[in-house]
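**Student:** This is what each chain is made of:
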Amino acid sequence: MIELIDLTKEYPGATVTAVDKINLTIHEGETIALLGPSGCGKTSTLNMIVGLEKPTSGDIKVKGRSIIDVPIEKRGIGLVFQDYAVFTSMTVEGNLSFGLEMKNAPKDKIKQTVQKTAALLGLSDKLKLKASKLSGSELQRVAIGRTLAIEPSILLLDEPLSNLEAEARLAMRQELRRLRQELGLTIIYVTHDQVEALSLADRIAIMNFGRLIEVEKTSVIVENPADVLVAQFLGSPPMNVLKGYFHKIDGVLYFRQSGVDFRLSGARLPNEVEEGSKFFYFLGLKPEDLSLGPQGSDSHKSLIEAPISGLERRGYDSVLSFNVKGIELKCEVDSAQNPKLGSKKALFINPENIVIFNRSGRRMDKRLLIS
Amino acid sequence: MSSLAASAPLDIQEPAEGQRPSLSSSEPNLRKPPGHQGRFFTVPGQIVSLIVLITPLLVALYMSFTDWSPTRSSLKAAAFVGLENYKELLIYDNRFLEAILRTLLLALICLSLEFVLGLSLAVLFLRNFRGKSFLFSAFLTPMMVLPVVVGYTFWMLFQSNGPINQILTLIGLGAIEWFKSPALAFSAVVITEVWHWTPLFFLILLSGLNNVPENPIRAAVILGASPRRLFWKVVFPMLRPVITVAFVIRAMEIIKIFDEVFLLTRGGPGSSTESISLYIYKLAFNDFQLAYGAAAAFIVLTASLIMVHFLLMPVREQLLDKGR
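Residue numbers (my numbering), protein chains in the order written: chain A, 1 to 371; chain B, 1 to 324.
Since the hints were made in silico from the structure, they are not lab data.
Please note that a few of the clues may not be correct.
To be verified - Straight-line alpha carbon distances no greater than 27 Å define the calculated DSSO-like cross-link-like pairs of lysine-lysine that follow:
1. K233/B - K126/A
2. K128/A - K116/A
3. K233/B - K103/A
4. K109/A - K282/B
5. K133/A - K233/B
6. K233/B - K128/A
7. K111/A - K282/B
8. K74/A - K233/B
All of these numbers come straight from a predicted model, not from anything done at the bench.
Given these sequences and hints, build the entire structure.
**Tutor:** Below, the structure is given as structure tokens:
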């Protein structure tokens with residue numbers, strides 16, 4: 001188990017705090033993804049855990065013991081770099097045995113470990129090759145193998161797949177999943193690619209501006225993000241977010257953002273949610289929950305009517321964009337519907353599917369009720 | 001909108017049509033000359049430079065096959081002796097062979113010292129300390145001094161009653177007659193040369209060290225490498241191409257060493273510090289054996305070409321392989 005307690009990193013001369021009081025507990029054998037845009041403090045966090053950087057304040061505990069003052073090589077933490085950082089002047093074998101050699105391990109143990117690691121990563125027939133002759137994904141394997149050979153209790157991966165081509169990336173992703181199952185390692189995985197995070201991690205920790213915004217099980221976080229920032233970040237395309245207030249016209253509930261009224265036909269507010277321009281909310285509408293109707297049919301029940309302003313075909317699905325006076329909505333539909341750019345459509349949504357966030361961006365437990 | 005649409009068929013159409021093909025075809029038109037006919041314009045220049053560069057070499061090569069001496073006859077009248085000069089040099093001329101070995105020994109000693117000193121200085125300069133930029137400039141200064149000035153200065157320093165001997169006397173070691181014994185005269189040349197050219201090694205190695213990627217070093221640190229093993233197992237192999245290039249550049253220079261030796265010892269005492277260039281110089285300008293000197297020069301040229309080739313061999317791949 002590894003605990004980050006109020007972990008903070010400030011760089012001298014920098015105006016923003018790189019890592020701002022992060023609290024996170026990672027359980028034994030768990031894979032957690034640190035997900036966030038570039039410059040959000042992911043890599044700094046990783047460097048502090050591994051020992052390449054000293055935290056400004058806060059603590060890191062492994063199995064209940066602080067490791068802040070433990071020298072880097074005694075922490076038992078392995079790090080795989082984004083650019084692999086393989087020693088290209090050595091052979092694959094030299095790379096795999098490096099960590100053990102530095103620890104002055106007995107020769108036969110080194111040999112045994114190298115064989116085992118090479119077999120695990122499918123490098124057995126490449127042991128004698130110079131590392132400079134390897135392809136990207138092979139280098140990645142060597143980098144991972146080199147780290148695994150010292151048998152770390154925790155494995156940190158810093159954007160391990162982002163330098164690979166799409167195909168190699170897919171294969172490597174499966175490989176990582178297999179390794180995780182076979183070795184039962186605790187893995188902290190840094191990425192800005194949510195697909196990677198979603199497909200590999202048990203839990204996802206979302207970071208932005210050095211802060212931890214949300215930590216949640218992977219299965220939950222996309223469906224039901226606890227924070228509006230996460231909602232805007234996760235998913236492809238991410239959730240549509242409206243910012244405004246509820247009000248009623250002739251007994252029908254509307255949500256108004258900068259003068260545009262979105263009709264919430266047949267819905268009523270739960271007790272905790274207030275109506276009126278003083279009460280500011282965020283509404284999250286998942287693109288896949290929005291559906292199209294032809295103009296005119298039941299349009300008095302539609303959320304809004306708008307022309308299709310953008311169209312992106314993704315095989316079976318298409319992502320449509322609607323621009324309503326500067327507010328963009330995205331909607332995912334079956335490509336078989338054959339939407340046409342510019343044609344005016346009515347958008348529908350089941351009000352029960354709308355996620356409500358309070359004014360500080362936290363998700364509310366209540367949803368709209370159907371009257 | 002309407003005016004554009006109306007005028008387009010009338011007066012815009014022609015220039016528009018004329019323009020479009022010319023836009024797409026004008027680029028190749030502009031680019032073609034340098035690609036094709038263009039290269040012919042360089043022919044006169046090439047011919048001139050060929051004449052200027054190659055002719056003297058060819059004349060010298062021809063000269064090396066004759067027994068020409070400018071005091072006796074013209075080159076045209078000189079007798080063609082074939083490989084006689086080469087045979088004489090390689091088999092019988094002990095002074096020539098000794099000069100070659102001596103120059104190689106000088107290169108070996110100087111390059112080793114310069115490398116060790118240059119590398120140590122470069123490693124020290126990886127850290128930040130006060131006065132770093134001043135010291136950096138100071139350390140580079142010797143390299144910029146004219147060889148003649150260096151030779152003259154050290155000649156003065158090494159005089160029997162010069163500053164170096166004064167310091168040696170002061171600390172109780174006694175004065176040394178630098179230029180009277182072969183070994184001491186050779187040491188004086190080594191000291192001068194090392195002082196003069198260590199900065200080049202320092203400069204090249206420092207830039208090499210600064211360009212070593214950070215992550216492999218970090219990876220090695222995480223894997224538990226001690227500073228010493230980190231340097232020898234990870235950093236040094238990455239520096240190898242740079243080190244080799246530094247060695248090649250310096251080896252080329254030191255094989256040609258002339259100025260310092262000429263000003264310090266004139267090759268003496270006897271011929272005990274005579275470098276290959278100095279010997280060839282003496283052949284040509286003291287003995288007027290120009291043909292014989294030319295043959296010696298060609299032997300040295302061929303030998304240094306072969307040497308550089310072998311020096312570069314281990315890192316050729318690394319140097320040419322830009323991909324990684």
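**Student:** Sort out whether K126/A lies within 27 Å of K233/B, counting only the CA atoms.
**Tutor:** Since the Cα atoms of K233/B and K126/A sit roughly 21 Å apart, the hinted pair holds (cutoff 27 Å).
**Student:** Within 27 Å, alpha carbon to alpha carbon, are K233/B and K128/A?
**Tutor:** holds (17 Å)
**Student:** Take a quick look at whether K133/A and K233/B sit within 27 Å of each other, Cα to Cα.
**Tutor:** holds (19 Å)
**Student:** Are the Cα positions of K128/A and K116/A separated by 27 Å at most?
**Tutor:** holds (15 Å)
**Student:** Are the Cα positions of K233/B and K103/A separated by 27 Å at most?
**Tutor:** Satisfied, since the Cα-Cα distance of roughly 14 Å is no more than 27 Å.
**Student:** Is K74/A close enough to K233/B, meaning Cα to Cα at most 27 Å?
**Tutor:** holds (20 Å)
**Student:** Is K109/A close enough to K282/B, meaning Cα to Cα at most 27 Å?
**Tutor:** Violated - the C-alpha atoms of K282/B and K109/A are around 65 Å apart, more than 27 Å.
**Student:** Given the hinted pair K111/A and K282/B, is their Cα-Cα distance within 27 Å?
**Tutor:** violated (62 Å)
Hint violations for this structure: numbers 4, 7, all remaining hints satisfied.
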